[in-house]
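Trainee: Now for the letters of each chain:
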Amino acid sequence: MKNKSEKTYSEEHLRYLRARRYHAIVVWTLRIGLLALLLGMWELITALGWVDPFLTSSPSRIFATLKSLYNDGSLFYHIGTTLWETLAGFAIAVFLGYSVALLLWWSETLRAVLEPYIVVLNALPKIALGPLIIIWFGTGSKAILFMTVLVGIIVAIMHMLSAFIATDKNKLLLMRSMGANKWTILAKLVIPSSLPSFISMLKVNVGMAWIGSIMGEYIVSRAGLGYLIVYGGQVFKLDLVMTATAILCILAAGMYFLVVLLEKLLVKNTDD
Amino acid sequence: MKKQILRFSDVTLAYHTVREETLAAQHLTFSVDEGEFVAVIGPSGCGKTTLLSLAAGLLTPSSGRITRNGSCGYMLQKDELFPWRTIEKNILLPLEIKHSNTAENREKARALAVKYGLGDFLSAYPSQLSGGMRQRAALIRTLASEPDILLLDEPFSALDYQTRLNVTADVSDIIRREGKTALLITHDISEAVSLADRVLVLTKRPARVAYEHDLDFGDVKNPLKRRESAQFSKWFELLWKELNG
Ligand SMILES: Nc1ncnc2c1ncn2[C@@H]1O[C@H](COP(=O)(O)OP(=O)(O)OP(=O)(O)O)[C@@H](O)[C@H]1O
Ligand SMILES: [Mg+2]
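First to last, the sequence lines map onto chains A and B.
According to our numbering, the first sequence holds residues 1 to 272 in order.
According to our numbering, the second sequence holds residues 1001 to 1245 in order.
Hints were generated in silico from the structure; no laboratory data involved.
Any given hint might turn out to be false.
As the list claims (entries may be wrong) - Reference listing, derived: stretches of chain B covered by chain A, where coverage requires no fewer than 3 residues with Cβ under 8 angstroms from a Cβ of chain A:
#1 1004-1013
#2 1096-1106
Said to hold, decoys possible - Lysine-lysine pairs mimicking DSBU-like chemistry, simulated, CA-CA at most 30 angstroms apart:
#3 K169(A) <-> K1180(B)
#4 K182(A) <-> K1089(B)
#5 K264(A) <-> K171(A)
#6 K188(A) <-> K1108(B)
#7 K188(A) <-> K1115(B)
#8 K169(A) <-> K1003(B)
#9 K1089(B) <-> K171(A)
#10 K188(A) <-> K1078(B)
#11 K1115(B) <-> K182(A)
#12 K169(A) <-> K1204(B)
#13 K1180(B) <-> K1003(B)
All C-beta atoms, glycine included, are put in the ideal place defined by N, C-alpha and C.
With these hints in hand, go ahead and build the complete structure from the sequences.
Mentor: Below is the structure:
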C-alpha cells in the first residue's frame, strides 16, 4: 500500500483495475442519464399538453422561477435563511446531544433517572409542540432553531449513548488493568472507538436538521425554503413549490456529502 | 528463599446480580515466586478469569487476602490492540496511562519491539498485521510498562493451531529472556505442560486449588522441545485425569 507508484501490477490485476474503472464510468453515465431522461420526459409531457403544468410544473418553469427569484433578490435570502437555521440547529443538536450522552455514560444513576424522559421525548411528535414554541419564541428564526435542535438532539443523545455503552468490555478491562482512571478511559478509548458511530450519527442528524427546519418554517416562518413551499401551496403556485423542493434536495445532498467527506478524513483505521 | 510476587490467602469471591449470587472462588490459596512461570488450568467457567481479575486488583475479594509485590501487566485472549492507533502508539499506551511516557521509557519500549521483530511495523496499523504478530505486539505492550508479573488469560486460544505453536514458543522465549514472572490461565493442558514451571489445577466452580505440580523438565524451557520429551505425555495424562476425574 505504501509505495503505490513503485508497485508493478500483474497483467491480470491491471485488467481487474480497468474493469472496475469501466464499471464506475458506466454507473455514473447511467445515473446522469437517468436524471436527464426523467427531466426530459417531464418537460416533454408538459410541453405536449399530456399533463397540466399548472399542477405538475416542469423543468423549464422551475428554471424560470429560479431566475425570477434570483432577479428580485429573494433567492439567496430564502436559501440563506433556511441554511442558517439548519446548520446552526444541526451544530447545536450535535454538540448538546454529544455532551449529554457523555454525562449519561459517566453516571449510571443519571442514566437510570433520565431514561424514561428520553424515551418519552423521543416518541413525542415534536410538531405537537408547535403552538408552545410560537408562544415561547415568537414566529422568527429563534422558534425554528429551537424546533431543529429539538428534533435532532434526542437522536444524537440516543445514538451516541448506545455507542459509548457498547465500548468493548475487554478493552475497558485492559485499560483498567493499566491503571487508567475514568477520564483517561474516556479520552483514550471511549471517544476514539465511538468515532464511526459519531459519523453515522452526523449522517442521521443531517436528515433530522432538515426535517426540523422545514417543519419549523411550515408552522411559523416568514422566510426560507419551507416558507416558499407552504406559501406556494396556499396560492397554488406549484412552480414555486417544485423550485424550493429542488433546491432543498440539492442542499441536503450537499450537506450529506460533506459528512461523507469528513468520514473519509477521520475514519481510517477500524478493525472491520 | 525467593521473593513472593503474588499471594492469595483463603480468597473467596462472590458475584452479585439481581437474580442470584455466584460464588466464583472459595478458599483459594496459592502463591507465585519471582521469576516463576505458573500455569493455571481448570474446567470452563470455574473462575479462572475471576482469579486473574483478583490478581490484577480489578476485583476486591469478598473475604481473604491478596498481596502483590509490584505492578502487573494483563494480556487477554484477543490482542485488544486499538485499531485507530499505530503499533508503536499501541505499545506506548501503558506508558501514557501511567504517566511514565518519558523519552527513555519510550526508547526502551521501541527497542523491545525491534528486538522481537516488530521494528518494521511500528508505523503500521494493527489491521495490517497477522494474528500471530498482533499477539506479539500485545505482549510487547504488556511488557512496555515493565510489570513485575504478567497475567495472561488464555492469550493464545484465539489463534489457529500452527500459529499458536509458534506464537507460544515466541512468547515463552520472550518472557524467559526478559526474566519475567508469569501467571498463565489456560484450558489447554498441553500448553500448560509445555510452558510452565508449576501447574495449578482448579476445581469446578467455585474455584479452589485441587492439585499443584512442579514440572520436572529441568532446563528445558522451549515449549516445542518439551512437547517432544518423554515426560510430556506423562504430565499430560496425569493432568487430564485430575481435570476430568
Ligand atoms: N461480572 C460477573 N457477574 C456475575 N457473574 C459472573 C461475572 N463474571 C463471571 N461470572 C460468573 O462467575 C463464574 C466464573 O467466571 P470466569 O469468567 O471467572 O470463569 P472462567 O473459568 O474464566 O471461564 P472460561 O473457561 O469460560 O474462560 C461463571 O459462572 C460466570 O458466569
Ligand atoms: Mg475466562
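Trainee: Against this structure, judge whether each hint is valid.
Mentor: Against the structure, the hints:
A count of 0 residues in the region 1004-1013 of chain B with a Cβ less than 8 angstroms from any Cβ of chain A is obtained; the coverage claim is therefore unmet, three being the minimum. Judged by the Cβ-Cβ criterion of 8 angstroms, the region 1096-1106 of chain B is covered by chain A as claimed, because 3 of its residues qualify and three suffice. Under the criterion of a C-alpha separation no larger than 30 angstroms, the hint pairing K169(A) with K1180(B) is consistent with the structure, at around 27 angstroms. For a cut-off of 30 angstroms, the pair hint linking K182(A) to K1089(B) stands: about 20 angstroms separates their Cα positions.
A hinted pair counts as satisfied when its Cα atoms are at most 30 angstroms apart, and K264(A) with K171(A) qualifies at roughly 25 angstroms. Restraint check for K188(A) and K1108(B): satisfied, since their Cα atoms lie roughly 22 angstroms apart, inside the 30 angstroms limit. For the hint pairing K188(A) with K1115(B), the CA-to-CA distance comes to about 27 angstroms; that is within 30 angstroms, so the pair holds. The hinted pair formed by K169(A) and K1003(B) fails the criterion: a straight-line CA distance of about 34 angstroms is larger than 30 angstroms.
The hinted pair formed by K1089(B) and K171(A) meets the criterion: a straight-line CA distance of about 15 angstroms does not exceed 30 angstroms. Taking the CA atoms of K188(A) and K1078(B), the gap is near 19 angstroms; set against the 30 angstroms cutoff, the hint holds. Annotation: proposed proximity of K1115(B) to K182(A) is violated, straight-line Cα distance about 34 angstroms (limit 30 angstroms). Taken as a hint, the K169(A) and K1204(B) pair is honoured in the structure, with Cα atoms around 25 angstroms apart against an allowance of 30 angstroms.
Straight-line distance between C-alpha atoms of K1180(B) and K1003(B) comes to about 13 angstroms, which keeps the hinted pair within the 30 angstroms bound.
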